Amino acid sequence: MRTLLLALTLWAGAAGAAPLTGMTVEPANPPPTDEAAIQTRSIALAKGLRCPVCQGLSSADSQAESAVAIRVRAEELVRAGYTDAQITDYFIDRYGEWVLLAPPTSGHHLMVWLAPGLALLLGGGAIGGMAWAARGKAAPAEVSAATSDDPYRKRVLDELEG
Amino acid sequence: MRRKLLILIPGLVLIAALIAVLAAGFGHDPHALPSMLDGKPAPGFSLQSLQGETYTLSELKGRKVLLNFWSTWCQPCKIEQPMLDYYAAQQGPDGVVFLGVLYGDEPEPAKAFLRRKGGEAYPNLYDPTGRIIVDYGVGGVPETYFINEEGVVTQKFAGLLPAKDLEAFLENTP
Numbered sequence: 013m014r015t016l017l018l019a020l021t022l023w024a025g026a027a028g029a030a031p032l033t034g035m036t037v038e039p040a041n042p043p044p045t046d047e048a049a050i051q052t053r054s055i056a057l058a059k060g061l062r063c064p065v066c067q068g069l070s071s072a073d074s075q076a077e078s079a080v081a082i083r084v085r086a087e088e089l090v091r092a093g094y095t096d097a098q099i100t101d102y103f104i105d106r107y108g109e110w111v112l113l114a115p116p117t118s119g120h121h122l123m124v125w126l127a128p129g130l131a132l133l134l135g136g137g138a139i140g141g142m143a144w145a146a147r148g149k150a151a152p153a154e155v156s157a158a159t160s161d162d163p164y165r166k167r168v169l170d171e172l173e174g
Numbered sequence: 008m009r010r011k012l013l014i015l016i017p018g019l020v021l022i023a024a025l026i027a028v029l030a031a032g033f034g035h036d037p038h039a040l041p042s043m044l045d046g047k048p049a050p051g052f053s054l055q056s057l058q059g060e061t062y063t064l065s066e067l068k069g070r071k072v073l074l075n076f077w078s079t080w081c082q083p084c085k086i087e088q089p090m091l092d093y094y095a096a097q098q099g100p101d102g103v104v105f106l107g108v109l110y111g112d113e114p115e116p117a118k119a120f121l122r123r124k125g126g127e128a129y130p131n132l133y134d135p136t137g138r139i140i141v142d143y144g145v146g147g148v149p150e151t152y153f154i155n156e157e158g159v160v161t162q163k164f165a166g167l168l169p170a171k172d173l174e175a176f177l178e179n180t181p
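Which chain is which? The protein sequence lines are A and B, in order.
Offset between the first sequence (1-based) and my numbering: plus 12.
Offset between the second sequence (1-based) and my numbering: plus 7.
Pulled out of the complex, with its shape left as it was, chain B reads as follows:
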């Protein structure tokens, strides 16, 4: 009896540990990238927009920034863009700075896409080196980053940006 217990108890402990590991694994999406920049300074950049203007993050200090990574081949990006256009158009001179960043796309198809949908409501940046993708840890598109007035990333959204979160970010902004 004692010998059987000696085998049974470690066996049960092992099975319980295995179940705990599997339960923890099933609890989260293995493809979901963790948000590593929350609460950290937003990586700096100085990039040209599709219109040829240069945007430098450090020069935007004192204003909130919304950084939206997108591409013309991304369907969810096309779904969320009318919402971003709507809120971007409502921003005053000191309001939130909306910036699009092309991901895996070229300026020409992006310009053609934006022309078809009636123009740009906010500037779209292009990084030929792709460095900004890695600096922000972007996995896929759409991905959106909220940056506060101090240049700190407050939230990252992978996938469609929920309207209520965008509205909360825009609150109390002139």
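Here chain A stands alone, though its shape is the one from the complex:
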């Protein structure tokens, strides 16, 4: 009985490792069995993949033919045991990095993520620097009627004070 179980396990393992049609790499994991987890992962992957014929829609949110095909293929690959990274690479190999709705956090794409923070830092720094520079300057001294040399100003101040 144990020998039979071992043989079955090895067979299942071997079946899980075979590359799926159209794939050049073997799945890194054995096929998952938790149906809810398969659905969650498939939807999450499709949400990160751009619909090829839509305007800013993910493949999970579109009924276009190619978006549906991407959803179906993503689920098929999840079921076969491919990891999220393997599946994402497969789609990048077909459609390019364009297919990713969010730019990758590596290479020159990193600039897209860092630029807003850098701009905020630079802007904040510039404003802070200007405020710091202005702080040292003395405020203009108040001119009292008694010290003013201007006769017109003196007269106005006298009038105001009654």
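It should be emphasised that the hints constitute simulated quantities derived from the structure, not laboratory data.
Since this is a predicted model, take the numbers as computed values, not measurements.
Backbone N, C-alpha and C define an ideal beta-carbon position, used for all residues, glycine too.
Certain hints may be false.
FRET-style restraints, in silico, Cβ to Cβ [stated by the list, open to error]:
id: 1; chain 1: A; residue 1: G108; chain 2: B; residue 2: L29; range: 54 to 62 Å
id: 2; chain 1: A; residue 1: R147; chain 2: B; residue 2: L15; range: 42 to 50 Å
id: 3; chain 1: B; residue 1: V28; chain 2: A; residue 2: D96; range: 25 to 33 Å
id: 4; chain 1: A; residue 1: Y164; chain 2: B; residue 2: K11; range: 35 to 43 Å
id: 5; chain 1: A; residue 1: G108; chain 2: B; residue 2: A27; range: 18 to 26 Å
id: 6; chain 1: A; residue 1: T52; chain 2: B; residue 2: G32; range: 49 to 57 Å
id: 7; chain 1: B; residue 1: L13; chain 2: A; residue 2: Y164; range: 36 to 44 Å
id: 8; chain 1: B; residue 1: L13; chain 2: A; residue 2: A127; range: 18 to 26 Å
id: 9; chain 1: B; residue 1: A31; chain 2: A; residue 2: L112; range: 13 to 21 Å
id: 10; chain 1: A; residue 1: T52; chain 2: B; residue 2: M90; range: 40 to 48 Å
Let chain A serve as the given structure and place chain B on it in line with the hints.
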């Protein structure tokens, strides 16, 4: 003066960088899908034609293959089909293999459309799973792929296939 330059120079650099990014962005169509398969082995398939015959890409090795994704609801596809029909009819027994692939369409309307236009000049394949669409990275129709004798994709055309490119592909083929 020095303080003003300290603000002005980074500001100008920032504006120049922004203009460079925008100029690069305006230079290309954001909806154009990059051609990722050029120079790579064509993804394999084994599909049935509308006439029920099975076509397997690996079995066509040694011959050039033209793969044209189309649908009955696509107007540009209808415009380029007479050209494909014309050149497909000129191919000898070892000539380029023309294969149509249905995209977002069903066999029955496709068969009716092909009957209306006088029959099929070359086989048309149907993939009920849609896998071939993703394997080739098809965005919309028409899309055409040139595959050489070694089974490598040499060119991809999104939209109408230019006649001069088709003629160049067919050149030196029996």
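The hints, checked one at a time:
Look at G108 of chain A against L29 of chain B: about 21 Å separates their beta carbons, and that is not inside 54 to 62 Å. Distance hint check: the CB atoms of R147 of chain A and L15 of chain B are about 22 Å apart, inconsistent with the given range 42 to 50 Å. Take V28 of chain B and D96 of chain A: their Cβ atoms lie about 30 Å apart, and the range 25 to 33 Å holds. Between Y164 of chain A and K11 of chain B the beta carbon distance is about 37 Å. The supplied range of 35 to 43 Å therefore holds.
At about 22 Å, the CB distance of G108 of chain A to A27 of chain B agrees with the hint of 18 to 26 Å. For the pair T52 of chain A and G32 of chain B, the beta carbons lie near 35 Å from each other, so the given range of 49 to 57 Å is not met. For L13 of chain B and Y164 of chain A, the hinted distance range of 36 to 44 Å is satisfied, since their beta carbons lie about 42 Å from each other. Against the hinted window of 18 to 26 Å, the Cβ-Cβ separation of L13 of chain B and A127 of chain A comes to about 21 Å, which satisfies the hint.
Restraint check, A31 of chain B to L112 of chain A: a C-beta distance of roughly 19 Å satisfies the suggested window 13 to 21 Å. Restraint check, T52 of chain A to M90 of chain B: a C-beta distance of roughly 47 Å satisfies the suggested window 40 to 48 Å.
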